[in-house]
Amino acid sequence: MVNEEALFFSRILTELTLSFHIIYATIGVGVPLMIMIAQWVGIKKNDEHYILLARRWTRGFVITVAVGVVTGTAIGLQLSLLWPNFMELAGNVIALPLFMETFAFFFEAIFLGIYLYTWDRFENQKKHLLLLIPVAVGASFSAIFITMVNAFMNAPQGFELVDGQLVNINPIVAMFNPAMPTKVAHVVVTAYMTAAFVLASIAAFRLLRGSNHIYHKKALSLTMKLGLIFSIAAAVIGDFSGKYLAEYQPEKLAAAEWHFDTEGKAPLILYGKLEDGEVKYAIKLPFALSVLAHSDPTAEVLGLDKFPEDEIPPLYIHYLFDTMVTIGVWMVVLSFVFWVGLKRRWRIIHTKWFRWLVVLGGPLSILAIEAGWWMAEVGRQPWVLRGLMKTADGATSSNQVDLMLVLFAGLYVILAIGTIVILSRMFRKNPVERELEDRAVEKGGDPR
Amino acid sequence: MNLEILGILVLWTFLFGYVIVASVDFGAGFFNAYSVYTGKKHILTNIIQRYLSPVWEVTNVFLVFFFVGVVGFFPKTAFYYGTILLVPASISILLLAIRGSYYAFETYGSKGHKGYAFMYGLSGLFIPASLSIVLTISEGGFVSIVDGNPVLDYWTLFSSPLTWSIFVLSLTAVLYISAVFLTWYAHKAKDKKATELMRKYALLWAFPTIVTAGGIIVELRFHNPEHYGRILDLWWMFALSFLMFIGTVYLIWNRKYYGRAFGLLAGQFALAFYAYGFSHYPYLLYPHLTIYDGFTNKAMAISLVAAFIAGLCLLIPSLYLLLRLFLFDKKYVEGKSDYHP
Numbered sequence: 001m002v003n004e005e006a007l008f009f010s011r012i013l014t015e016l017t018l019s020f021h022i023i024y025a026t027i028g029v030g031v032p033l034m035i036m037i038a039q040w041v042g043i044k045k046n047d048e049h050y051i052l053l054a055r056r057w058t059r060g061f062v063i064t065v066a067v068g069v070v071t072g073t074a075i076g077l078q079l080s081l082l083w084p085n086f087m088e089l090a091g092n093v094i095a096l097p098l099f100m101e102t103f104a105f106f107f108e109a110i111f112l113g114i115y116l117y118t119w120d121r122f123e124n125q126k127k128h129l130l131l132l133i134p135v136a137v138g139a140s141f142s143a144i145f146i147t148m149v150n151a152f153m154n155a156p157q158g159f160e161l162v163d164g165q166l167v168n169i170n171p172i173v174a175m176f177n178p179a180m181p182t183k184v185a186h187v188v189v190t191a192y193m194t195a196a197f198v199l200a201s202i203a204a205f206r207l208l209r210g211s212n213h214i215y216h217k218k219a220l221s222l223t224m225k226l227g228l229i230f231s232i233a234a235a236v237i238g239d240f241s242g243k244y245l246a247e248y249q250p251e252k253l254a255a256a257e258w259h260f261d262t263e264g265k266a267p268l269i270l271y272g273k274l275e276d277g278e279v280k281y282a283i284k285l286p287f288a289l290s291v292l293a294h295s296d297p298t299a300e301v302l303g304l305d306k307f308p309e310d311e312i313p314p315l316y317i318h319y320l321f322d323t324m325v326t327i328g329v330w331m332v333v334l335s336f337v338f339w340v341g342l343k344r345r346w347r348i349i350h351t352k353w354f355r356w357l358v359v360l361g362g363p364l365s366i367l368a369i370e371a372g373w374w375m376a377e378v379g380r381q382p383w384v385l386r387g388l389m390k391t392a393d394g395a396t397s398s399n400q401v402d403l404m405l406v407l408f409a410g411l412y413v414i415l416a417i418g419t420i421v422i423l424s425r426m427f428r429k430n431p432v433e434r435e436l437e438d439r440a441v442e443k444g445g446d447p448r
Numbered sequence: 001m002n003l004e005i006l007g008i009l010v011l012w013t014f015l016f017g018y019v020i021v022a023s024v025d026f027g028a029g030f031f032n033a034y035s036v037y038t039g040k041k042h043i044l045t046n047i048i049q050r051y052l053s054p055v056w057e058v059t060n061v062f063l064v065f066f067f068v069g070v071v072g073f074f075p076k077t078a079f080y081y082g083t084i085l086l087v088p089a090s091i092s093i094l095l096l097a098i099r100g101s102y103y104a105f106e107t108y109g110s111k112g113h114k115g116y117a118f119m120y121g122l123s124g125l126f127i128p129a130s131l132s133i134v135l136t137i138s139e140g141g142f143v144s145i146v147d148g149n150p151v152l153d154y155w156t157l158f159s160s161p162l163t164w165s166i167f168v169l170s171l172t173a174v175l176y177i178s179a180v181f182l183t184w185y186a187h188k189a190k191d192k193k194a195t196e197l198m199r200k201y202a203l204l205w206a207f208p209t210i211v212t213a214g215g216i217i218v219e220l221r222f223h224n225p226e227h228y229g230r231i232l233d234l235w236w237m238f239a240l241s242f243l244m245f246i247g248t249v250y251l252i253w254n255r256k257y258y259g260r261a262f263g264l265l266a267g268q269f270a271l272a273f274y275a276y277g278f279s280h281y282p283y284l285l286y287p288h289l290t291i292y293d294g295f296t297n298k299a300m301a302i303s304l305v306a307a308f309i310a311g312l313c314l315l316i317p318s319l320y321l322l323l324r325l326f327l328f329d330k331k332y333v334e335g336k337s338d339y340h341p
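Respectively, the protein sequence lines represent chains A and B.
The opening position of the first sequence corresponds to residue 1 in my numbering, with each subsequent residue numbered one higher.
The opening position of the second sequence corresponds to residue 1 in my numbering, with each subsequent residue numbered one higher.
Check each hint, because a few of them may be wrong.
Stretch-level coverage of chain B by chain A, calculated; a stretch enters the list once three of its residues show a Cβ under 8 Å from a Cβ in chain A [unchecked claim]:
(1) 94-101
(2) 120-134
(3) 204-214
(4) 241-253
Derived contacts from chain A toward chain B, CB cut-off under 8 Å, selection only [to be verified]:
(5) F105
(6) I110
(7) V333
(8) L367
None of these hints come from the bench; they were simulated from the model.
A virtual CB, placed ideally from N, CA and C, is assigned to each residue, including glycine.
Produce the complete structure using the sequences and hints provided.
Here it is, written out as structure tokens:
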């Protein structure tokens, strides 16, 4: 028996928790890699600025990790609290990556603690770099394992269903399901990309706000270059994801593309508005959907007409798809212009308005992450396990979900305000100029 | 030994790890807040912060590990406990969230905020209480099955003396474990004042802890006679545990061997914890769920155990490194090596 009210609030609460968590989680996956790279560049170039960059990033990172940990604990428990029936079934097949994720997380937590509290203990900077490797590896692997779980929900396999019973379970086959490669790669690379652009936007902001220190310029060019690499990678993997969808989850692709009728030479619809089943104001790129789906301009792409009405995801995911792709392409262009400008010594990349665009890039990338996840998740409605269990059958029977929703919404507001206040206070009170001086004094050398 | 027993042993061990590490953490937060409130902040705060800072995140993972592991090894617990625990577990999450984030905000953001210290200390006392509800529920008698779904009877739960005894035990045990540990840590840091203060707290909380622990066994006699009977079968483990308790108090009273005192305390709680666990066998939720009907399939169980062993090979050296760099590094403990977040 389905408790409609509990189902509705469970969906809202899960969406709220995840939407809030992924902001911190994405930063948590991407930033350690950036810190590690900065430390490595600092050692290679023997440049104190990059080492300091690594440390200042870490200090901000700790705050986001703290909130990421607590919201991650929340979603971890909410999975069982809000979706007990789903977890009971899925736990039989997919517990392995979930379990491994906690190990990756454990590993990261230990070494982050060590790195943070051994700031200046070792003379040799390489030892500090060695401590950062497990942090970055642990962070990326938790993303990999948890995305495997999500991929399984999109493409369940590794078991047989006989008379409602799961038999012949193979956890490894369940982990390496067809959705896994594109999903994991896209999640990890977009996390790197977002982290790079968020850090770039901080550097650009400092440059705009008066500090003309070479430190910020180094930070900006390092992060924009990394952002360029990862955003191109994200676009390429995004294309693979489209091909995956065409083959394994055609209803999601069709809904995202408003592709109503099965046909060859399918056009790709960009933007536009859906009014009474009519698409208006859209840009149509001929053949593009066939190319995206099958790398062949004439290939036939399945349309929504091939699916029963109660198995079609909501059509608003088209807007989410557009948002994600537009931002992605825009960030590739922006960072590419920056990179060429750096090589060719264009003045344009040092102008105020260009820097404002870079500042905007960080929040935009986070918005793209949100839009992408919403599209991926809403796009597999009405299923919680595609083709196996509907979302309605996985929810709790408890009557207090609405109250919990209010409580958690309050918590997230407090956490969001806390993060913003603490982070801005932390860096405003201690600008890089002062920290460089302090460090020089500590070491007994000349202030730089 | 079959896989069910192995699975529950692994999880029980991690839960024990969490109980000890988290007790030190929660109690320390409380003592810290209390010292701010009574003007003794200068004595305790340094010691507490120096210990807590590098390990707070690790503490949390023990808990995550436990609940992910339970659902992995025993997926049916997701159905039973997931459904009935929505409210109590959500409250625990909220408290954990407030505590974890406040800790980071306070340590790295604004130092010495009184309100933060207070929230931090108080939430730490409520978390063990809210988590211990699970132990109470597992004794049975609070859950009925309606339309095939488990429903928790809040009134019976809150009016049961067993609930409140376990609640009190969670509070006193946290303060006792934490005080003994911090006495040892302060002593290692050669901080005489902090050692004396923590020693006083340790002795203060020892008695209430052992009294409530004993009281619960008596209450189980009325609440769950079957469980009580199994506890009596294991009387020697509880007796050994009690002897260790005497040993800890004796050493602390005489101001010697604080390290050994903490070792005895760990032994005392380990014995009692495992004895309680064994006597609970085979039920996860009396009488609805046993470890046998809740167990996952064989293939998953084997791969979980394999992942667990591989994970331990990674974890144990890392944990050892963490302890060596902070807990057992003389310079760090004494505050001479770097400590600046």
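Which hints, by number, does the structure contradict? 2, 3, 4, 7 and 8
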